[in-house]
Amino acid sequence: LAKTTQPISMDSYEGQEVNITCSHNNIATNDYITWYQQFPSQGPRFIIQGYKTKVTNEVASLFIPADRKSSTLSLPRVSLSDTAVYYCLVGRGSQGNLIFGKGTKLSVKP
Amino acid sequence: GAGVSQTPSNKVTEKGKYVELRCDPISGHTALYWYRQSLGQGPEFLIYFQGTGAADDSGLPNDRFFAVRPEGSVSTLKIQRTERGDSAVYLCASSPVPGGPSTDTQYFGPGTRLTVL
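These protein sequences, in sequence, are chains A and B.
Just so we're aligned, residue 1 is where the first sequence starts under this note's numbering, counting upward by one.
Just so we're aligned, residue 111 is where the second sequence starts under this note's numbering, counting upward by one.
Read the hints as simulated data drawn from the structure, not as lab findings.
Beta carbons are placed, not taken as given, at the ideal position from N, Cα and C, and that holds for glycine.
Among these hints, one or two may not hold up.
Said to hold, decoys possible - Some but not every residue of chain A turned toward chain B, in silico, with C-beta under 7 Å:
(1) 39
(2) 50
(3) 95
Stated by the list, open to error - Which stretches of chain B does chain A cover? Using the computed rule of at least three CB atoms under 8 Å from a CB of chain A, they are:
(4) 126-132
(5) 136-150
(6) 178-192
(7) 215-222
Put together the whole structure using the sequences plus the hints.
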């Protein structure tokens, strides 16, 4: 199972674009890359998922280079409410269980 | 529609006591997962149900932990002889797709914060 590495914390200001990069050098051919967001006292929430190139939804964009050894979650024009922990996940356990690392704690300041 | 719900939201107990944590998944979701999250860490897998049966309980830390899902919907995580090290947030997630596919979204409940004194 691919191990992921992402920054422990990041700071930003309202209105800025935030990019969180995750490294996953041992990603397997059939692994998807998924990002979850977790607010304090809540369970994680799915943000976006991709396999290669670029994926965009109403919340974020996910950029995956051709070698798939890293990925970047891009949050456009963050607000205070985007303050949360962001987890990069690669692959699944044998029963589809998610495998979380420590995540990146994003703090958005006014 | 309603999301995944978990009760109680907080549980404080004394060392050695027995506790039950309940999870109500999204209606119609056949896959149900329990995770445990310690402070500053990401959630860790405990057990997976496909329907009524525990398809994979490899994440349970020891035999004090047990979970059931008798009718394929609500699940209860049971912890016997609680220890201080069991203190954590216990999260439940459900998915409409049976475990295995790498693309299905899991929907998490808010968790139960267990504190063992």
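Against the structure, the hints:
{"no.": "1", "hint": "39", "result": "violated (10 Å)"}
{"no.": "2", "hint": "50", "result": "violated (10 Å)"}
{"no.": "3", "hint": "95", "result": "holds (4 Å)"}
{"no.": "4", "hint": "126-132", "result": "violated (count 0)"}
{"no.": "5", "hint": "136-150", "result": "holds (count 4)"}
{"no.": "6", "hint": "178-192", "result": "violated (count 0)"}
{"no.": "7", "hint": "215-222", "result": "holds (count 7)"}
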